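Using the hints, position chain B with the ligands against chain A.
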Amino acid sequence: MSTVKLIKRHELIVLLEHWGIAISGIALLMSGIFQLPSAARYKITAIPGFWWSGEFFFTLKLHYIASVVFVGLVLFHLVYHLLLQERAMIPQSGDVSESVKVLKTFITNQPEPPFGKYLPEQRLAYVAIAIPVLLLVVSGLIKTWKNIYAPDLDRTLLLWATWMHNVGFILFFMAFLGHVAALLIKPNRPMLRGMLTGRVTREYAEHRHPRWVSEIEKNET
Amino acid sequence: MQHDQQAGALSRRGLFKVSAALLAGVTGLATLPKQLLAAPLEGKLATLIDLSLCDGCADRPQPACVTSCKQEKNHTVPKPVDPIPSPFPTNIIEDWSKKQEVANRLTPYNRIMVQKAQIMVNGQEKNLSIPRRCMHCDNPACATICPFSANTKDKNGAVVIDQELCFGGAKCKTVCPWQIPQRQSGVGIYLKVAKELMGNGVMYKCDLCIDRLKAGKTPACIDACPKKAMLIGPREQIHAEAEKRAAALGGHIFGKQENGGTSTLYVSPVPFRELEQKLTPASPDPKKGQPLLKPDVKRKMAESDGLGKAVLAAPAIGLVAGLVGALGKLSQRRAEHAGKESR
Ligand code: SF4
Ligand code: SF4
Ligand code: SF4
Numbered sequence: 001m002s003t004v005k006l007i008k009r010h011e012l013i014v015l016l017e018h019w020g021i022a023i024s025g026i027a028l029l030m031s032g033i034f035q036l037p038s039a040a041r042y043k044i045t046a047i048p049g050f051w052w053s054g055e056f057f058f059t060l061k062l063h064y065i066a067s068v069v070f071v072g073l074v075l076f077h078l079v080y081h082l083l084l085q086e087r088a089m090i091p092q093s094g095d096v097s098e099s100v101k102v103l104k105t106f107i108t109n110q111p112e113p114p115f116g117k118y119l120p121e122q123r124l125a126y127v128a129i130a131i132p133v134l135l136l137v138v139s140g141l142i143k144t145w146k147n148i149y150a151p152d153l154d155r156t157l158l159l160w161a162t163w164m165h166n167v168g169f170i171l172f173f174m175a176f177l178g179h180v181a182a183l184l185i186k187p188n189r190p191m192l193r194g195m196l197t198g199r200v201t202r203e204y205a206e207h208r209h210p211r212w213v214s215e216i217e218k219n220e221t
Numbered sequence: 001m002q003h004d005q006q007a008g009a010l011s012r013r014g015l016f017k018v019s020a021a022l023l024a025g026v027t028g029l030a031t032l033p034k035q036l037l038a039a040p041l042e043g044k045l046a047t048l049i050d051l052s053l054c055d056g057c058a059d060r061p062q063p064a065c066v067t068s069c070k071q072e073k074n075h076t077v078p079k080p081v082d083p084i085p086s087p088f089p090t091n092i093i094e095d096w097s098k099k100q101e102v103a104n105r106l107t108p109y110n111r112i113m114v115q116k117a118q119i120m121v122n123g124q125e126k127n128l129s130i131p132r133r134c135m136h137c138d139n140p141a142c143a144t145i146c147p148f149s150a151n152t153k154d155k156n157g158a159v160v161i162d163q164e165l166c167f168g169g170a171k172c173k174t175v176c177p178w179q180i181p182q183r184q185s186g187v188g189i190y191l192k193v194a195k196e197l198m199g200n201g202v203m204y205k206c207d208l209c210i211d212r213l214k215a216g217k218t219p220a221c222i223d224a225c226p227k228k229a230m231l232i233g234p235r236e237q238i239h240a241e242a243e244k245r246a247a248a249l250g251g252h253i254f255g256k257q258e259n260g261g262t263s264t265l266y267v268s269p270v271p272f273r274e275l276e277q278k279l280t281p282a283s284p285d286p287k288k289g290q291p292l293l294k295p296d297v298k299r300k301m302a303e304s305d306g307l308g309k310a311v312l313a314a315p316a317i318g319l320v321a322g323l324v325g326a327l328g329k330l331s332q333r334r335a336e337h338a339g340k341e342s343r
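First to last, the protein sequences are chains A and B. Using this note's numbering, the first residue of the first sequence is number 1, and each one after it goes up by one. Using this note's numbering, the first residue of the second sequence is number 1, and each one after it goes up by one.
Extracted from the complex, chain A is given alone in its bound form (with noise of 0.2 Å):
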């Protein structure tokens, strides 16, 4: 096992703000789903251990703190890798058929093409997680802002945000699944080794993502 050698695919910041979006957004979701008056009419009160799930003044709680670090976390992410001039991710022109391509070689077992640190899709996949991200932070503050200071907000400001805020959740929810389900695809494994530990193998590493390797190996030289 030793003999297997690693190499830095993210940094610890990196995987903080991952897991700590991750973590604090599913606490949202499930929050989020008990804002609606679904759990006692769906009986998940009545599921042991979750009884608080029809407490709306509680799970507001719940709600508030995971919004803490999820809403800190994302301007966080914006204002720390805008600095630091980190584009990786941003989607690069022909991102969008170069990923159908992509996928055509999960489906038909071709060989991929080479890629760089990132994929086409994944690229594609962090503006479409982004979007839903942005409307819901943006709507919630208005709604937390209105919750404390101003219950008398603008009515159509607010219908906007209620709004946002809903159809951001169905977006939100959607990417999530598509992203766990990412996982199915047994190429893109490896990659979750990268975001628990913030290491892949080299073997996996010069296999897929050798533009990635080479502009390292340029760097460290």
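Which chain A residues stay away from chain B? Per the calculated CB distances, all over 12 Å, these: (1) Val102; (2) Leu192; (3) Tyr204.
Computed cross-link-like contacts, DSBU-like style, restricted to lysine-lysine with a CA-CA straight-line distance of at most 30 Å: (4) B:Lys256 x B:Lys298; (5) B:Lys227 x B:Lys44; (6) B:Lys298 x A:Lys43; (7) A:Lys8 x B:Lys329; (8) B:Lys155 x B:Lys73; (9) B:Lys294 x B:Lys309; (10) B:Lys329 x A:Lys5; (11) B:Lys256 x A:Lys143; (12) A:Lys43 x B:Lys288; (13) B:Lys340 x A:Lys8; (14) B:Lys300 x B:Lys44; (15) A:Lys61 x B:Lys294; (16) B:Lys340 x A:Lys218; (17) A:Lys143 x B:Lys294; (18) B:Lys300 x B:Lys256; (19) B:Lys228 x B:Lys214; (20) B:Lys287 x A:Lys61; (21) B:Lys329 x A:Lys117; (22) B:Lys227 x B:Lys294; (23) B:Lys309 x A:Lys143; (24) B:Lys192 x A:Lys143; (25) B:Lys298 x A:Lys61; (26) B:Lys294 x A:Lys43; (27) B:Lys70 x B:Lys155; (28) B:Lys79 x B:Lys99; (29) A:Lys143 x B:Lys300; (30) A:Lys43 x B:Lys287; (31) B:Lys155 x A:Lys61; (32) B:Lys340 x A:Lys5; (33) B:Lys70 x B:Lys98; (34) B:Lys300 x B:Lys116; (35) B:Lys79 x B:Lys288; (36) A:Lys61 x A:Lys143; (37) A:Lys143 x B:Lys44; (38) B:Lys73 x B:Lys116.
If you're looking for bench data, these hints aren't it; they were derived computationally from the structure. Quick caveat, the model's predicted, so the values are computed rather than measured. Beta carbons: idealized from backbone N, C-alpha and C, even for Gly.
What follows is chain B with the ligands alone, placed relative to chain A:
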């Protein structure tokens, strides 16, 4: 004699003057609502319910406020579909459309009810009447955490459920300390979405006759009250009036602190805690549309305000952390770079 007569005339005239002044005073009192109303129904409003004036319309088969509210509002509830879809999995249907005459509890067709309390007032046994409806709270959870913003608070203070947007999930009822909103199944937008699976009708409650207010008219119940036991006007004026009346009665005010403050102030000659214990029928059941008084009830959502403020601060914290982190990283990179160069 003549003198006497004159004196009598004079004194009679004097008496007349005095009584005229008195009368003016009394009518002045009686027309006080009008005076308050003379101020435009704009800005933040509040209502006053004076329990020393309300007699429950003892001389009528039904309190005038109740009758007028039914007249004003009941035709606005659409006829429910037949049959009403059975909501999965609870199968609980609330259909009041065939029981519109019910007046001893809150229903979608009875948005104001009059409770009774037998109680000693200044050593005399009295039967007090307490009109009950939505309090139009200052920061009402029923509105702020409605998932569809179907329930909103108007700038004038009225808390209004939009029957075009409400799914009838009854969250507003659950979070209201008095469980005021009432459901009519088989009406509303849920019928067009997933009628068995989601929603169960529309929630109804007093909306302070918002349409009438916008047209410059007073709410129907206030208009109809023969005792002028209810007033509406600019919030400050109503608050001042409530304080004045409570002081004059040696009485008590309800609605000022309850649920974090409301725009409905009750004035009573007896403490509301005592009133609560003497409500008849004894111990009303809020689940059955008979609200308790719950004097001093706290605004439950206030408990989460601190966390909410932390949410509002989170973007700034994230931003600063990102800035600090990035600058630290940049200087680290620069140092590494310099290290390499010097090697
Ligand atoms: S508030 Fe007025 S109308 Fe209503 S019961 Fe009392 S006296 Fe009658
Ligand atoms: S009394 Fe109940 S329904 Fe009315 S505004 Fe207050 S919380 Fe909402
Ligand atoms: S204000 Fe209007 S809706 Fe409310 S109780 Fe009076 S009549 Fe009914």
